[in-house]
Every structure is written in C-alpha cells, then in structure tokens.
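Novice: Hey, can you work out the whole structure from these sequences and the hints?
Chains as they are written, first to last, in the working numbering: chain A, -19 to 477; chain B, 101 to 253.
Quick caveat, the hints were computed from the structure, so don't treat them as lab data.
A quick note: this is a predicted structure, and the numbers were derived from the prediction, not measured.
Hints are not guaranteed to be accurate.
Claimed, not checked - Label-pair restraints from in silico Cβ distances:
no., chain 1, residue 1, chain 2, residue 2, range
1, B, A127, A, S(-18), 54 to 64 Å
2, A, W(-3), B, I171, 36 to 46 Å
3, B, K216, A, S(-4), 41 to 51 Å
Every residue, glycine too, gets a C-beta built ideally from N, C-alpha and C.
So you can see what is in the structure, the chains are spelled out below.
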Amino acid sequence: MSYFDNLILGLQTALSWYNLLWCFVGVFLGTLLGVIPGIGVVAAISMLFPLTFQLEPTAALIMLAGIWYGTSYGGSTASILLNVPGSATNAVTCLDGYPMTQQGRGGIALLMTTVASFFGGSFGIILLMGFAGTISAYALSFSSAEYFSLMLLGLIAACNVSSGSILKGLIMVALGILFGLVGSDIYTGTRRFDFGILDLADGINLVALAMGLFGVSEVIASVGKVDGKKVDPNSVKLSAMKPTRDDVRRSWLPMIRGSSIGAFFGTLPGTGSSIAAFMAYAVEKRVSRTPEKFGSGQIEGIMAPEAANNAADQTSFIPTLALGIPGSATMALMLGALMIHGIAPGPQLMTEQPSLFWGLVMSFWIGNVLLVILNVPLIGVWVRLLMVPYNWLFPAVLMFICIGTYSVSNSAFDVMLVVLFGALGYALRVGGYPAAPMLLGFVLGPMMEEHFRRAMLLSRGDFGTFLSRPISATVLAIALLVLLWGLKPLIFNRKPA
Amino acid sequence: MIDRNYSEIVPGLLIAIFGAIVAFYAAQNYTIGTLQRMGPGMFPMALGVLIAGLGIAQALTGWFKSDLPRIDPASIQWRAAILILLSVIVFSLLIRTAGFIPAVFGVVGISAFADKGARPVTAIVLSIVLCAIAFLIFRIGLGMHFKLIGWPF
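Specialist: This is the structure:
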C-alpha cells in the first residue's frame, strides 16, 4: 500500500463514529484531569486505563493518547490562573503565565497557550507521520542484541534526566525491573518471587502498580496543599482573551523554536515533555534581547514551553510505535495497553496493523482540533472546576482508583497492591526518588530479560554479540556516555561542607 | 570535617541489603543455568547484585558528599498518608464481602478526613453523591457487575 492509501485508511479509521467518540472522551477527560492540580499525566492515564479494557484496541489507544496530550492542554490552565502546575509538563508555564494573570492578561495567556499547544502538536504529528515509517522499516533488521541495547539506553537516559541523582534513578529502574520479573518465567514457566500467592502468578498488575505509585502517592502529597478559591471568573470571558497585535507578533518565533526543541526531546528516550518545556524556556530566555524581563509576564515565556511540551507529546510516539520501545512512563503505559489487547509492539506493527497505527496517528489531528474547541470556548467550564475545593475532589479520585483497579480483574488483591505501591510511592517521593523510571523498568524489564536471554542463546553465551553488531555497539557506547555524564557530578565537583 | 548525610546513607544501606537478599533468594530457589542457556534465576540474581551495588554507591555518596538534599521530617504528611492508605485497605476488604456501596462509603468517608478541615457532614454527603456517580458510571454506563450490598458473613 502506498503512503497515501495508508493516510486515507487512517483517516477512515479515526473518523469512524466509534473511534471519534472515544477520541473525544479521551481528550475531554485529559483536559479535565490536566486542569485539576495534583493529578499528573501518569496518574490520569492509569486511572482511566481500566476503562479501555472494554474497548477495541484501536479505540483504546486513541482514547489513552487523547488523555496524554489532553492533559498538556489542560495543565496550562492551572499554571496560568493559580500558579500551580496542573501537571509537571506545565510547571514552567507558571513562571510567566501567572504574572500575566496578575496583570489582568490571564485570558490572553489561556488563548495563546492553546494556540501554541495546537501549533506544537501539529508540528509533532507531521514529524511522526514522516519518520515513523522509515524508522520501523529500518528496525525490522534488528535482532535481540539491538533491542536489549536500545532498552538499556532508554532506561539509563530515563534515570539521567529525572530530578535528583542518577543513582536514585538507577535504583528505581532496577527495582522496577525486579517487580516486572514477578510471576511466571517466559522460558521455563517457573514462578518467581510469588511467595506462593496465586494472585501473583501472572505478575504484578500494571494498573495496580501505576495507580499506587502515581495516583495514591500524588493524592497524599497534595492534600491540604492545593487551594482553588482565588480564581477570578472574569479573566476567562471571551472578550478578555483577545491578544494584542504585539502579542501575536512576538509569539511566532517562540512557537517555532519551542516546537523544534520539543519534537527533538520527545523522540529521545527518557526525556519527554517536562524536560522539553524547560529547555524551550531556557532557550527563549537566552535568545531574548530582554532576558531580565522573563518571569514578569513575557508572552514568549509561555508560548515556547507550551509548544514544546505538545510537540514532545506527539513525537514521543515515534520510538514507542516504530520500535516498540517506550521512552517515558506514559509511553510505557501505552505499550502496556497494546500488550493487554494482545498486540505485539515493534516495527512490524505498522505493516501488520496499518489501520491501528494510521488510525491512531490521524486521530491525533482530530484530537488536537477537539482540544482547541474544548479549550477556547469552553474554558470557563474548566476554570469553574478549579474552584471546586480539593477536599471534595481527592476522595473522588481515590474512589475511581479503587473501583478502576478492582474492575480490571475483579481482584481485591490488586487493590491491596495499590496500598502497597501507594505507600512505597509516597516514601520514594519523600526520599527524593523519581517514580517514573520504576514504571519504565517495570514494563521494559521482562522484555529486556527475554531479549538478553535470546541474544545470549544465539551467541552461545558470548557477551561479544552486543559489541560486534555495529548498531548495538553504537547504542551501548551512547548509553555509557549518558551514564558517565550523569555520574560526573557525583564524583567530581565535591564541595566542602 | 564532612557532615555525613544520613538521609542518603541509611536508605542506601537498606537498598543494598534488599538487593543482597534478592540475589541470595534467586540463587537459592531458582535454576541459574549457564550463560548460553540461562535459567530463571540468572537475571534476577544479577539484578539483585546490581541493586546491592547501587545501594552501596548511594550510601557512599551520602558519606562523602554533604551538599545533597536531605529529608525534612516535618514535610511528611503522616495524617494524609495513614488515612488515605487505610481508606483503600477498607475498600479492598469490603468490596467482595459487604459489597459496592459500603466499600465506596469506606474509601470516601475515611479519606475525606485526610484533610484537616473535614467535617463529618461533608464526608457523609460526599459519600452519598460519589456512590451515585460511581453507580451511574460503572454499573449503568459501563455495565460492570458488582454486588451492591450484602451481608459479609
């Protein structure tokens, strides 16, 4: 099939009533959960994950993806109006977005960030459409050695860029892999680390792990800290949203720069939208003629990061869909959704499931258009949501976590696992350990073991196979560099007390 | 004189011990195999050794570096943590025994008090409203089947 046949097939799939409905549900819920501070992207997706088990795989992915990029749109609302990021990707938008609200320009900021989000999102989708095919065609020749090396690089990169020391990230990845190994061994069927508990025979439930680590622990951390009573409803009237000609003129270049930076960081393993947004802001500040004005309501300071995080949201699908290797915790959940529906991720996905792949990609266009509609005329609805006291919202969130986890396989044991991982997640948060690498390790761990064992079997127990294959060796060299770069501040630069 | 950072040393050592236990447990209970034909124990054992090594490395950085951030015990939200975890435990215990409605009342009613300013009336009203919402979404909207209420014994 030619490229255009694929596009048309994708558009037909995405425009079917069924998929259109779930795309809408996804972006709607994404915006909703993005607006509410204290519920991040991963928590949002894991909360709504069980709902997708009832759907067809394409619709399930379309909906989950909609939640993912929807939260990036919605998250800027709380950043701008409350100075509290709706999710981590929008944290940097607070810096100049909230001062704009204080100057009575909050409405303009909301409108312009929606424009920036759409611009960045479109940029990312075009790249995804252009490159995913090439990469996956190339990746068809990869063997287990390449896959193992690529996954290792992804995991090391994920530790490096997350906040705090790389050691803590590596510990989290290793523990995540360990949790991933619980259950039956794929080669021999030996049950590992199940301690005789029958519920663990199939491994730890991904939903329970994600809900505990991200949902419950985030709720604990934000109780009593989020307060939404200080929003001025007048700031979001449509008349207050009209940008000046100067605002528009100053927004073009930051949007283009932000989108490019975001698209680049989105494809890298382990980075993603939050890093992309911070980098875009830093670059904008550097190229500006008036860097000292940043932080006092400069429109460039909101346009670049919002374009960057949405571009990164879309391009992060490139490694996930083309190689089957997720670069972030959210993408790991997407991959988990694919596998639960019995679809093997990897480069063959595009050729074997063209309607799923292209339907998903084309649904991004529809989702982004829907988000503009949801975020401009309906912004008042979301702002009212911010005024709902958080002490009403969080019991509701917990209830959805409980029912959602339980409904996956009618298992009360899985709900207990949520308690366990919730406690662990909160302890890790207090100790400054990043939870995202753990989820990534959890999903990638079993795949890594499988590829490692297969590669060693093929090479007759010779480790040289990872180094004698050029792609694998290159990837391992990059992984080593990333590791050393991350360890550098721990070894050198020792400051006296 | 270097100021030892115990918020790095203690967790680092605990992680190291945990890794050692994992490696030992895997070696004792599962077949290790050879490098060519790895048994189910090889990968977990290597992972346990890796975790132990990383834990020791973390403890060492805490020993030698004093500029790393420390845990502030005052920032821990004990009340929220205990009540919220308890509420989920109660849900887990009630959902199969007493049924859906008591379980939702349990999770909402207990977790509502995680906020210091919570009042009993608000918690009860919230439980009733959320019960209705959950019923509409999960039972009617998604067609899932739960025992709504029942005698646990």
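Novice: All hints are to be evaluated individually against the structure, with a verdict given for each.
Specialist: Going down the list of hints, with the structure as the test:
1. A127(B) <-> S(-18)(A): 54 to 64 Å: 55 Å, holds
2. W(-3)(A) <-> I171(B): 36 to 46 Å: Given about 52 Å between the Cβ atoms, the range is violated.
3. K216(B) <-> S(-4)(A): 41 to 51 Å: 50 Å, holds
Of the numbered hints listed earlier, the single one contradicted by the structure is hint 2.
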